[in-house]
Structures are given as C-alpha cells and as structure tokens.
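There are 2 protein chains.
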Amino acid sequence: MRCEIVAIGTELLLGQIVDTNSSWIGEQLALIGIDSHFQVKVGDNFDRMEQTIRHALDRSDAVICCGGLGPTQDDITREVIAAIMGVELERDEAVVDKIRDMFESRGRVMVDNNRRQADIPMGASLIPQMPGTAPGLICPVSAIGDDKVIYAVPGVPHEMRTMMMGTILDDLRRRSGERAVIRSRVLRTWGDSESGLAERLAARIEHLDTLGNPTLAFQASGMEGIKVRITAKAADEAAAAAIIGAEEAVLRELIGDVIFGIDDQSMEVVVLDLLQQRGLTLAVAEGLTGGVLSARLSEVDHDLATFRGGRVGGNVDGNVDGEPGGELQSGADIAAEAAQNVRRDFRTDLGLAVIAAQAHDDQAPGTVFMQLAMEEAQHGGTVSLPGDRARFRNYAVINVLNFLRKILVDN
Amino acid sequence: MRCEIVAIGTELLLGQIVDTNSSWIGEQLALIGIDSHFQVKVGDNFDRMEQTIRHALDRSDAVICCGGLGPTQDDITREVIAAIMGVELERDEAVVDKIRDMFESRGRVMVDNNRRQADIPMGASLIPQMPGTAPGLICPVSAIGDDKVIYAVPGVPHEMRTMMMGTILDDLRRRSGERAVIRSRVLRTWGDSESGLAERLAARIEHLDTLGNPTLAFQASGMEGIKVRITAKAADEAAAAAIIGAEEAVLRELIGDVIFGIDDQSMEVVVLDLLQQRGLTLAVAEGLTGGVLSARLSEVDHDLATFRGGRVGGNVDGNVDGEPGGELQSGADIAAEAAQNVRRDFRTDLGLAVIAAQAHDDQAPGTVFMQLAMEEAQHGGTVSLPGDRARFRNYAVINVLNFLRKILVDN
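If you read the protein sequences in the order shown, they are chains S and L.
With positions in the first sequence counted from 1, the corresponding number in our numbering is that position plus 831.
With positions in the second sequence counted from 1, the corresponding number in our numbering is that position plus 831.
Hints are computed from structural coordinates only; laboratory data are not their basis.
We treat Cβ as the ideally placed atom computed from N, Cα and C, and that holds for glycine.
Accuracy of the hints is not assured; some may be wrong.
As the list claims (entries may be wrong) - Ranges of calculated distance between the beta carbons of each label pair, as one might list FRET restraints:
#, chain 1, residue 1, chain 2, residue 2, range
1, L, D978, S, G1043, 22 to 30 Å
2, S, R931, L, S973, 58 to 66 Å
3, L, S1026, S, G1027, 49 to 57 Å
4, L, F1049, S, N944, 19 to 27 Å
5, S, G1008, L, F1049, 14 to 22 Å
6, L, R1005, S, M953, 44 to 52 Å
7, L, Q847, S, S1215, 22 to 30 Å
8, L, I1036, S, Q1050, 41 to 49 Å
9, S, G1027, L, E935, 44 to 52 Å
10, L, Q847, S, A1190, 37 to 45 Å
11, S, E924, L, H989, 32 to 40 Å
12, S, V942, L, I1093, 32 to 40 Å
13, S, D932, L, E1030, 28 to 36 Å
14, S, P1196, L, S1026, 45 to 53 Å
Input sequences plus hints: build the corresponding full structure.
Below is the structure:
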C-alpha cells in the first residue's frame, strides 16, 4: 500500500511556513507499515494542484492532501478534488449549521465565505472529527483507478492530526487489507550513545529478528536523547499492549538505568512528577544555563507549585561582589553553597545548582558541577560538556535534570 | 525562470528530519524573482530519484537537488545526475586531496568511502564554496533541453546555504538573463498589527506601486513581530543599497515608533546593544515568565556581562512566606518592589520586573505589570496578554523587552 502526501499552499513554497505536517504524517504512515515514496509541496494554483494530485494517484493507492480547505478564495482543494473525481460540489447544510454553531459558541459571527467550507464533492464522505471550521474529506476516485482514494485535511496541525488519528490511519489500514493492529511505544533514554545501546541490546535484537514481532528501532533525537521504539503487531489492542508491555519489561532489565520516560514524556515532566509524588518542592541556582533550566521547568509547572523558582547568575557563581583577591572557591564548593542558599532562600525541600567550572579550578574546560541540597543530605556530581557552544546549555540542563531524577528514584 | 527543489533522503519521508532546506531555498528564490512551483521530497532510491528529477526538469528550467552527496552507499545523487546527463562519473583527485586535508586538519583520518564524494559527472563543474567534505555541483543537462541545469548541494543546512549564497543564486540570475542586482532589507516591528501597519503605510505603498521599485512586503512572524521587507532592484550593489537606505528613512518617518531592529536582529540583541552602548548592567525579576526572559537574554550574553542574572518566582510574587492575611500588595506594587530588590541584590544599574496581576488586583485577567527600577527613576507599564496560554510567556517576554527598549531609546 502506497500513500503520497501533497502539502498545499503558496506560503509553503515561499518558505513563510515550514511544512512540518508532511513529516508528521510520513512518520505515522511508516508506523503502520504504509509506504510514502513522494511528498510534494504545491501552491494554491488549480492546474498545478490538479496535475500534482493526478500524478500522485497514478503511482500510489492513496493521496493525503493537506491544506487549502479554508474559507478564502485561495482555498481551492475542494474544487480540485471534485474535478479529479469528475463530480460537482454540493453544499452540505448540516455542515453549514455546524460551522455557524462553532462561531457562535466563540461569540463570533460566521461570515458568508465560511459557507464555502461546507461544499463537498458529490460521493465524498465527511471525516467525523472536525475540531475546526474545515471538514475533512474522504474522496473515492473510481474514475481513475479501482478503489483509489484522496483524503483532504486542513493545514492547521492539530486539526490534521485529530483527523489522521481518528479516521485516516485506520481507513488506510482497512484498505490495505491489513487486519492486524500495529501499536508502538517509545522508551526514552539519556546517558548512553546509540552504538552503546545497540551493543547492550545486540542479543535481544538478534532474538527479535528471528521472531519478527515485536520489532525495535533506534532514533537519535539530539538533546532529547535516544529513543527506542517497540512496535508490535497483533490481532487486537489488548494483544498488542501485552506484547509491548512484555518487551518493555525485558528492555528495562537490560537498559533500565538509562530509561527516563516513555512516549511524549520529557525529562522535566518526569522529574516534576517524581517530585510531586514525593511531595517535595524545588528551587534552582543556575550559572551557565542562564535561565533555561527554570524556563523548562516552569513551562510544565506554570503555577510554580512544585518548582518554586530560582536564581540566575549573580552570586550563584560567587562573583556578585566582583572583588578581586580573597580566597578563591572551587566550582564544586560554589555549587554546593549555591544549592544550599537557594534552598534556604526559596524555603523549598530541595535546592539544585548547576555551575560551570571556574577558571582557577583544576578541571578540563567544559566541566559542569551539579549539586543537590536536601534537608539531611547533599549530593554532588560533574559532567563534561561537548565543545559546541550552541548545544552547551541544553545539554547541561538535561544532564542536571537527569542527575536529580536518579537521586529521586534511588531515595 | 522556474526552479524546482528536490530534497533527497528517506529520513525526510519518514519524518525523522523536517525538511527546512526547501523552505529556506524557496524564500531565497522568491527574493530574486525566480518561481518555484513544486518542491518534492524523495527517498534514497535510484529510480524514484531519477523519475523525480526528470519530471522536475520537464517543467522547469533548473532543479536544485539537496542531499544524497555524503560518503555512504545510500548517497547516490551523483550517480543519478550522471545518468540523467548521460555521462560517466570521474574521480577528481584534487577534490580527494581537499577532502583528505579537511580530515587531517581536524585530526582525523579520511576513510576510503569519502573518495566517492570526489566522483563528479563528466561535464559538471564544482561549486567553489566547499565548507564540508561534500562538493556541490553545477550540472548542465543539454541532453534534455537547451541550457537546463541541475544543482547538487549537501543536505547539511549551513553547507547548502553557503553554496546557495556564494554561487547558485547568482548563477540562476545570470541564466535568467537578469542583469540587475536585487537586494532586500527587513525592518522588524513590534506593537502594531499587520492591518494597522498596512493602513499607516497605505499612501506610501500606493506611491511605490506606481514607481515599481523598491517594493514593500509584510510578513507576520508571530512572536517575532511583523516584518516589513524592502526589496530594491538596481544596476549594482551601491545603487541597490542607496535605494534601500532612502526607503528605510521614509519608513522610519512613518512607523519608526514600532521598528526595533533590522534583518536578523532579535529584540534581545537590540536591547543588549542599547545597554552596552550606555554602559548599563541589568538584572531581572520574573513572575509569570518563569525564566524565559533570563534564558533569552543569556542566550545572547553568554558571559552575563551586561545581563547579570535574576530571580525567578519565589518572593518575586511576594508570596515566599505563604502567610495568609496581612495587607495584600497590588501587582503593580509587587512589581515595583521586585524591580528595586533585584537591582539591589545583583548590584546592577537597572532592575526589570515582569509580574502577572494578582487575584485581588482590580484588573482584567491576563494583565501583566512591568516595572523598571533605575538609580534615579522608576518606570511602570502594563500589557494585556492574549488568552492562549502557550503563547502567553513569550508574548510577555517580548513586551517587557520592548518596554525596556523604549525607555532606553528615550533616555
């Protein structure tokens, strides 16, 4: 089964918007075993859209058109698909009512142009999910080939995703004749390289290769660590979940020390969950990370309920006085003191500090000191950062969060 | 003149990497007046690559192939282009030497596979810029049409950009028969809507429409504000610069109050420049922005030389004691006090605070208080944020930076 993706919009060609939709759809198709060999961007032009979609239908079984379903005169995906199907557009009054209700529930008035969004090619069916004012469409194209299909979804990412997850992926799998359920889970790791993980999992991967199900795949994700994806095929959801659960247990035996979360869990989400479960509050003292650690924690914990805040720069690095001379503190001592100070200052259970080595420290450049002050204990650690300045700060942040995570898990 | 873009790599189709290269190239082509009607992603597959590039050549004058020039067996762009040109590959020993030197200067040894990167289709010429180990190619395709051309550039963004700016854009313009120089400058604005700017510039735009040169274009860039791009066509660089300079002066008369920078200058770069010019240091107190303001300032001022640091959460919001009762401070008072405290605490010239309205404040939800403490003055302001929580923090950050910028410019 082959499915092409056509992203529609002149703004995509002009580089005003980067087409992330095709990438996301491509990833979802790969996960359910459907090939996507070509992905095309085309502008809001009738002839070129028609040519592109026809060409895609020639060489594939299905085409997903993304964009061009809005209310303006530029939005002509409906018209182009109707032409390819060889049918007329028909206004669906029930959809008009739905769009009007949507506007009214937001305290706004539907303008006449929005009625165009309810124009449906005859013979097409509506995608039940409709999170915005643009209905998604399933358009059979019997005129061209037996049982080929065009899907039309809006270019707004969350609307597109809702329709893909709610209807299109299942519909594609049904058409592909595949009866099995394919599900996957991502184990998120930090602290080992892709080749290191591959080595530790070599025997297991070899074993799974002989079984054929489930499968494992690695994905390097930069500052998000290495992802290990388990994909299972089974007769139904329950069986797929059982296979994935069993495989996760095996992998945790082998590489559990570097697994910090699953699927969409970021390191900061995991750390904040652990703190909350233990009823602990946290404050941070940031040297080199300059606020990035606080920003990432507060992005999850908006109300500063668990992460209470912190201090950036200033006497974190022990240099607020700017006085030369006197006794020089080591980076480790400065970090330890900063962790204690910020814990006391913010009246939290934990104080966490991340400080670059000082010039007078006898340390390799790029060494970072991490210190955690608790009521009855103090933990310290160091990490060496790569040379690349741009990645330096985010790398330090994920390392210090992982340092905290491990202490929380162990205690 | 029409130019298509073909992005090559199976990882693009699988969504492991988002294709930002095509977007960037599309933007550059538009700026020099070259149409790009289709942009295609295709995997590392000989037949499909050949089919895609041939199809692109059929309907365009030039094709830019991005990716597939690496040293591994997957990287077959050279072979595919040679097949389309109807020629053999020939190893260029001078390029082999260059690649070897590059490895040796980094203290590494060139492996044999890298020699493949020096295989050049006969009749192709090298792009002089070669920032990595993959040479870029200019490949005339006389076999297919008169004077059509394929450019091959690496998928590594900075290598691709260096070759585009250094050679390909000029070569395309020469081929298009265009002798004039086209240059542009972006004026970056904050504080007015796109329609507001359009209204204030309506008479000027009408006047320029009759002239035809220079031209103005608006580009909404979300949290980066509205960009106003001046594009000028002239006989040479100096004449283009003169036209742009004159137009910028006119626009500054009309909308100078909302222009904060040009081209790649972000709001934080502009603010830090203003502080440095005046020899002033800054500390910040962040409530709702949770560290994002500090992170953005320290991203530019790594060494915390001008931006000295700050405080996130905690008593910034006056609630460190958590004691109920007592007299409640207004948000404006808390912000004023926080600005003074952080200025004193960090011993800086300026203290800047950004605090959300308190529950007991008589203010609309989403009101944010901004306060700047200076040695002999205190400035205050408020801004109302949009409801969308995800955009809330970045919107507050750019507003408080703009608040500071205006005070610095006026003093």
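Tested hints:
Judged by the Cβ atoms, the range 22 to 30 Å given for D978(L) and G1043(S) is violated: they are separated by roughly 53 Å. Taking the beta carbon of each, R931(S) and S973(L) are about 59 Å apart, inside 58 to 66 Å as hinted. Our hint of 49 to 57 Å for S1026(L) and G1027(S) holds, since their Cβ atoms are close to 55 Å apart. As the Cβ distance of F1049(L) to N944(S) is approximately 22 Å, the hint placing it in 19 to 27 Å holds.
The supplied range of 14 to 22 Å is broken by G1008(S) and F1049(L), whose beta-carbon atoms lie about 50 Å from each other. Here the CB-CB span from R1005(L) to M953(S) is close to 51 Å, well matched to the stated 44 to 52 Å. Checked against the hint of 22 to 30 Å, the pair Q847(L) and S1215(S) passes, with Cβ atoms roughly 28 Å apart. The supplied range of 41 to 49 Å is met by I1036(L) and Q1050(S), whose beta-carbon atoms lie about 48 Å from each other.
For the hinted restraint 44 to 52 Å between G1027(S) and E935(L), the CB-CB distance of approximately 28 Å leaves it violated. Checked against the hint of 37 to 45 Å, the C-beta distance between Q847(L) and A1190(S) comes to roughly 41 Å, which is consistent with it. For E924(S) and H989(L), the hinted distance range of 32 to 40 Å is not satisfied, since their beta carbons lie about 54 Å from each other. At roughly 37 Å, the beta carbons of V942(S) and I1093(L) sit within the given window of 32 to 40 Å.
A C-beta distance of roughly 33 Å is found between D932(S) and E1030(L), which places it inside the suggested range of 28 to 36 Å. Here the CB-CB span from P1196(S) to S1026(L) is close to 52 Å, well matched to the stated 45 to 53 Å.
Hint compliance for this structure: hints 1, 5, 9, 11 are not met, and every other hint is.
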